[in-house]
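Undergrad: Each chain is listed here by its residues.
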Amino acid sequence: MRYLLTHSLCLSALCVAGLSSLTQAADWPYWRGPSFDGTAEASGLPESWDPEGGEGSNLLWKREDIGGPCTPIVMNGRLYTIQRAEAGTPREGERLVCLDAKTGETLWQHRYNVWLSDVPAERVGWSSPVGDPETGNVYVLGSCDIFMCINGESGELVWQIPLHEQFGMLSTYGGRTNFPVVHEDLVIISGIIINWGNAAKPNHRLLGLNKRTGQVVWFSGTKDLPFDTTYSAPSIVTIDGQRQLIMGTGDGAIWGFQPRTGKQLWRYPLSRRGIFASPLVVGNRVFASQSEENIGDFNNVMGTVVGLKVSGSGDDTKVEELWKQLEVVAGYSEPVLIDNRLYLVDDRCKMWVFDADSGEPLVEQKAFVGSRQRAALLHADHKIYVLTENGRWAIVEPTEDGFEVLSKGRVRDTGFAGSPILAAGRLYFPSTTALYCVGSAEAKQVAVSMADAFGDETPVSQNTAVAQVQTIPAEALLHPGEKLNLTTHVFNALGQRLDDPGQVSYEVDGPGSVDGSTFTASTDAAHTAATITAKVGGATGTVRVRIVPALPWKFTFDDLDDPPVSWVGARYRHVIREIDGSPALTKITTIPKGARSRAWMGHSDLSNYTISADVRGARMSDQLPDIGLTAHGYVLDLMGESQQLQIRTWSAQLRMASTVSFPWKEDTWYRMKFRAEIEGTGKDAVAVLSGKVWPRDEDEPKKWTVTARDESPNLNASPGLYGNAKVAELYLDNVEVTANDP
Amino acid sequence: MILMRKQHLSAWSAMGTGTLLGILFTTLSSGCRPPATVNIDIDTTPVNNVTAEASDLPAESSDLDASEAAAPSNVTGSAAAALETPVEVVSEVTVAAESALPAASTLVSVNEFAKPDQVLSAGGDWPQWGGTRLKNNAPNVKNLPIEWNIGKFDRRTGEWDNSKARNIRWWASLGSQTYGNPVIADGRVFVGTNNGAGHLKRYPSKVDLGCLLAFDEKNGEFLWQHSSEKLITGRVHDWPLQGICCAPLVEGERLWFVTSRGEVRCLDTNGFHDDEDDGPLKNDVVPVGNIMKTEETAEIHAELLSALGDGKLTDAAREMLSNAGEALDGDAKITTVAEGKAWTATGTFGGVDRELTIKQIGPRITFFKTLGAADKREADVIWVFNMMEELGTSQHNMCSCSVTSYGDLLFVNTSNGLDESHINLPAPAAPSFFCMDKNSGEVYWTDNSPGTNILHGQWSSPAVAELGGVPQVLFAGGDGILYSFKADKGSSGKGEMLWKFDCNPKTSKWVLGGEGTRNNIIATPVIYDGLVYIAVGQDPEHGEGGGHLWCIDPTKRGDTSAELAMKVQEGKRTPIPHKRIQAVEEKNGEVAVDNPNSAVVWHYQPADRNGDGKIDFEEEMHRSCGTVAIKDNLLYIADFSGLVHCLDAKGSGDGKPIVHFTYDMLAQSWGSPLIADGHVFIGDEDGDVAIFEIGAKNSEPIDEIQMGSSVYSTPVAANDTIFISTKDKLFAIGLEK
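So the sequence lines, in the order shown, correspond to chains A and B.
Residue numbering for the first sequence is 1 to 742, as defined by this note's numbering.
Residue numbering for the second sequence is 1 to 737, as defined by this note's numbering.
The hints are simulated quantities; they were obtained by calculation from the structure and are not laboratory data.
There may be inaccurate statements among the hints.
To be verified - Each computed SDA-like pair below joins lysine to any residue, with the alpha-carbon atoms no more than 20 Å apart:
no.: 1; chain 1: B; residue 1: LYS509; chain 2: A; residue 2: THR433
no.: 2; chain 1: B; residue 1: LYS201; chain 2: A; residue 2: LYS324
no.: 3; chain 1: A; residue 1: LYS201; chain 2: B; residue 2: LYS152
no.: 4; chain 1: A; residue 1: LYS201; chain 2: B; residue 2: ILE232
no.: 5; chain 1: A; residue 1: LYS483; chain 2: A; residue 2: SER604
no.: 6; chain 1: B; residue 1: LYS509; chain 2: A; residue 2: LYS201
no.: 7; chain 1: A; residue 1: LYS324; chain 2: B; residue 2: GLY708
no.: 8; chain 1: A; residue 1: LYS324; chain 2: B; residue 2: LYS152
Because the structure is a prediction, the values reported are computed rather than measured.
Sequences and hints are given; from them, build the entire structure.
TA: Now the structure itself:
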């Protein structure tokens, strides 16, 4: 790939050397900065810049092939950003790109597929990677919810989990994607998750994963049935000696959690819709804003900004409202706190300045550069850098009276959806069409260690009583007879880890047993689940295990009241109902927001298999449903209204899709069969997909009805279902998954 | 990806039609000029192969009369006296050849409730979006203030401090988001919004609804509300909290509008204030409230179930009823209709003797009441036409068409569009446009010309005018093409397409998410002095971008686009069918050629007008959701990037626009201008209304008045008063009388 080193400034080698030596460790490993507050201690930063470059432009380099909504991060002199890959081609996917932060030169890229997702390709890169200074790893949530740990130096994959397949994480149709964060040994990620068992209902849930292995350490959540998918990013801070993760969520609230255990600490409802902007946490205060309808007495007023005070710890942690200003329509951009004043740019790019104690506005809704704002503010060197969504930018200076514009301009035919960042004294401005690096020879930046920025906790020695038990892994997917080693840790009320307990007792509810600290799934268990409860004194922790055998599988639904418990995303959206005298899996039209959905049946490492099922659609409101079977991350979709049969992998980018006309009728049972096979290996591997549909009562036709090839194949994935019953119900029976004949 | 918030959300463009693509339509009966001779391969098949013959028309005219007489809900006659403004109510419009061309011998005779020119010149009521079917927001209203002050509203209590208020006749609470534009008719103001104001006790403000509200024009007193519960399919069809996004059409005692549930509804403008439940739809059953079975309320639910079995109501049920405005006086007689499933309760509820129906459905026990003359705060529904059920449509995010009429014909854009994937069109065969009888709801014809070329949704509204002697209904399709059909009953369920005009350059490209150059049409076409005006734009969520504004001659026939898409093969150019993403891909040997049958009068697009060698922001026509307003040949339009443009409506005569000025409001504008009483009024997202003195040289506003919250709608004027709906309030602004 090409890169552009354009309009290089008259930066002498000496200057560059001086710059880097002074500021070598000033990283920006999280999109809001190492202190989660959009603020850096720096000097000598440019007061102006010219995107065209040239003398005096302060433009160090620009890359016109790096764009999109992603806010980059910088760690160890490398810049990381999430980009589209091979855009507009049948191989299109996504990639993590690593650039030399100083020169803009590409060092490596790690590409991956997007499958079974509605995210438009143009919205790839909505969230940011996060760097872990301790391991040097970089964590990325791909837009289809593949979660990856990548070696930050080499670009090699360390581990990955398809969170959509294994946990039912919902990738959105607007592109909204959540931001991971690293705390000690954990990487924490969240999203709307429609899971299994007692977590089958949609909920904005959080997963704490071992950052080195991807093993699930804890699984927590918010309130069931959230309003929206969201992308408010977490901050990790210490308040009253207690470490907290604070973020806005899909249920319209701001939440505090203990980051080591996932324990819910407090909740402050703020909006009738999901929270998109990330709350700013400084000291014990949380500043949060939103631009949708308010809750309670103010539900007919849109927009608000609040100052909250968090205090106490453990079960006594509480949140109180210090102040609330209504009709501040600020749902996207993140503010900065300067000299006890909150600088906030609203959705229409108007500046507000509030007294952080009283909430009294010093500046109200003042126009200064643009009319549309999404990006966060960056504060450094007594300047605020503002990038607007319609391509305008401003550098402003906080003043006694509020602020003063030092410089402003407009980059034509672009927008800034990503936020400005600062690392090693260099500013990075991500636009939809280019990435700009801006700086000056004099720039200096003080390095901040994220571990220090978390803040000082109450010494563990002050709270040694066991209050929480955590058994790892919190979630597992096993084969029958498979063993699972359990590790149990204990924590005090503040969520600090204590010495490992001497005595742990385990109880199993479901098909399996524990011997010592090893769980063994029953050999005859299939498509079921077990719960293991660990007890230490009076405290308990739980592990949820799904048990799914190797192929072949067959589901007749004859003895079931619900879809198999081990299926992810199936219960709540489907019921078992007798159709034509036989119980069938029925996807009903009345589940809010879930009438069009996907479900997954088990292991993601399965490959080269065939899924088949009896399917039938009802005609309701004169419309037919869409009925799909998924294999290897591809769907064979029997489309009702368009009377087509389609194989595709990415609903919003039909890159390898193949579609044939296929007339079919309501109230008729058909048999669908979908075969996925990988041909070739390594770089030559190709997925060959073949589907056929025929009236169930007739003989199976020899020929495939539709076939497709993918030269950027998904090598393995869980079998599953896709269904669109928004208007009309659909029914499945006799679902079978079998290994392909060799 | 969508959030279309706009007063009269309209549709987006896509590309051409499935079957008629790339065909150059040339002839039809009425007097258009013969096509210029072209040296290219062209199919000259007329649209739909329908030939309009003059002899059809008198028969049609008598049909219209007959249907009016037969329809019980037709109230044309009685409404005449009720109108404040003395406009001629039933006008016999006889359009003879407006066109100078002798072939235009078509005669159209149609009974219209009010003739557009009369509405425009009377300066009285403003009874539909754009005031009349011509959609030009330039009424002859006088005595309007150019200075006002809304006073101060306490953000917390909502209390109004009117000490500094000036020229505010009254204000009324709307929901939290308001995109339906106010309409003023017959002493009432109607506006679409959400349920944030909670005007009905049975629907507290936390319940999300699409609401159409009626207020008294004199004092802003709330009269009645029509409530549309949200579709269970959610945002793909019915975006949360966006309410009713259209403006109704009012003729006398009847009102028509499109709900957020994909229905066309006809209401009685009196509501139940006339003490009658007008039909055909009578005894409308609506929910009063319910007792939910959740983990916390399982016991309350079980108690009620058991009490109903014993012929009683529980205290919890009584409290719920009381909260819903149906407090039970004394005891109710409970009768079991179906054991454990359905009951009736007879008693005095909310001071009215009535029978409630109680049903156990799923996790809730719901109480229903039958609306009647006692329910003064409710809407009296005359008929309902469910587009999703009857036509199989699947709107993208919202149904938003502001309907218009021509005689007894009602024209509706269905908003049919893509699904969540933004690629799949779930109802490809469903119509985009249709014509129905405004009295009976009978569908005369449907059309799905945009077909699979729909880019996103379809949120434009139709306009109707007699142009070149032919009544034409103009529909902007989701393919970015403006279509004209003969405004009649059609034949065999099909409308007669007269012409179509692609509002996008052929090489422009649709890019998902808003970065492309191919645009939709959100705006409504406007007719002024025999010409048609339309701008392109996109869903506001897609951000800013370049746009186009067209002035089109509607007397041509066939494909009258500026360009034609051709493929060059063996030295020969052949027309190619329209394509959704990009009509002409030059890399595939396709070319855009000038159309000899082009109807372009002028085309406004970015150009280096000041000759400084680059195109400045101020020299760009950007995407716009806005509709033009024209008076005395001065055209005003605001674009989504916040520029107000003033142009000469007639252009230079050589296809070029004459631009008088542009003005940057530094805020996004979603609405359209009002021209009235010598001034131009335009609202913006920051809540400012800019006021210009009308005139080619008046390039700076004389004032910008803050309205307290965003003005996504379009200011309108009627009866010496300006009406502006902000996001959450409706203001009546006028000089003290």
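Undergrad: Would you pick out the hints that fail for this structure and give their numbers low to high?
TA: 2, 3, 6
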